[in-house]
Amino acid sequence: ETGVTQTPRHLVMGMTNKKSLKCEQHLGHNAMYWYKQSAKKPLELMFVYSLEERVENNSVPSRFSPECPNSSHLFLHLHTLQPEDSALYLCASSQEIGRGHTEAFFGQGTRLTVV
Amino acid sequence: KQEVTQIPAALSVPEGENLVLNCSFTDSAIYNLQWFRQDPGKGLTSLLLIQSSQREQTSGRLNASLDKSSGRSTLYIAASQPGDSATYLCAVADSWGKFQFGAGTQVVVTP
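If you read the sequences in order, they're chains A and B.
Per my numbering, the first sequence starts with residue 5, numbered consecutively.
Per my numbering, the second sequence starts with residue 77, numbered consecutively.
Simulated from the structure, these hints should not be mistaken for laboratory data.
In this text the structure is predicted, and so the values were computed from the model without any measurement.
From the three backbone atoms N, C-alpha and C, an ideal C-beta is built for every residue, glycine too.
Among the clues, some could well be false.
Stated by the list, open to error - Residues of chain A placed beyond 12 Å of chain B at every Cβ, according to the derived structure: (1) M17; (2) S54; (3) R67; (4) D89.
What the hints assert, rightly or not - Residues from chain B shown here face chain A by an in silico Cβ test under 7 Å; the list is partial: (5) L120; (6) L125; (7) K144; (8) W172; (9) G173; (10) F175; (11) F177; (12) P187.
Unchecked claim - Okay, derived cross-link-like pairs now, DSS-like style, lysine-lysine, Cα gap no bigger than 27 Å in a straight line: (13) B/K77 to B/K144; (14) A/K44 to A/K26; (15) B/K144 to A/K45; (16) A/K22 to B/K77; (17) B/K77 to A/K40; (18) B/K118 to A/K23; (19) A/K23 to A/K44; (20) A/K45 to A/K23; (21) A/K26 to A/K45; (22) B/K118 to A/K22; (23) A/K40 to A/K26; (24) A/K45 to B/K77; (25) B/K118 to A/K45; (26) A/K44 to B/K118; (27) A/K45 to A/K22; (28) A/K23 to A/K40; (29) B/K144 to A/K22; (30) A/K26 to B/K77; (31) A/K40 to A/K22.
Bound-form chain A, shown alone (with noise of 0.2 Å):
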């Protein structure tokens, strides 16, 4: 267990659904992020956020919006979604932004299937 918790572990939705992932970490950490892990590919950065302050948009469509309400708390809001989109969602946390000295701690992630 390493303190940053994602649910569901698995999501299974068709191209017209809306859905939210979900990530809590109870590390007292300021920086949040997104990553999105495809088959035989490297981990790919989606969003960073510090202190509720979205930072980085790494050039991520619009229909993968992110909610950060607290320092604790990280959403994924998934709305037509195409089935190229399926992959392992990663939520990480680390202590802050702006200081590369910090460790990142990864949750379980979410497997999401677009049918």
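Based on these hints, arrange chain B on the given structure of chain A.
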């Protein structure tokens, strides 16, 4: 743009052998490098974090070295066990603490 490469992509060794996993990066201006383990379908577990000012870090059977000037890190796992079978990922962090990942090395340790 930082690029991280891990060689080999896959590795199979008999139990008891030492494992050597390589990671190289193109921009030496990193703040730290972190090694992770990932089991199939699971999240990432942090193994070792090496700060840019350090040359190596050790934890149990694991030892990681860092040569920032040449853009290389090596993860050594001594006396491998079947439970070490997993994918090992390295990631380098920039000054903002954002990580760039390699594609990973898939390790199989056979009994």
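Hints violated by the structure (listed by number, smallest first): Hints 2, 7, 12, 16, 29 and 30 are the ones this structure does not satisfy, whereas the remaining hints hold.
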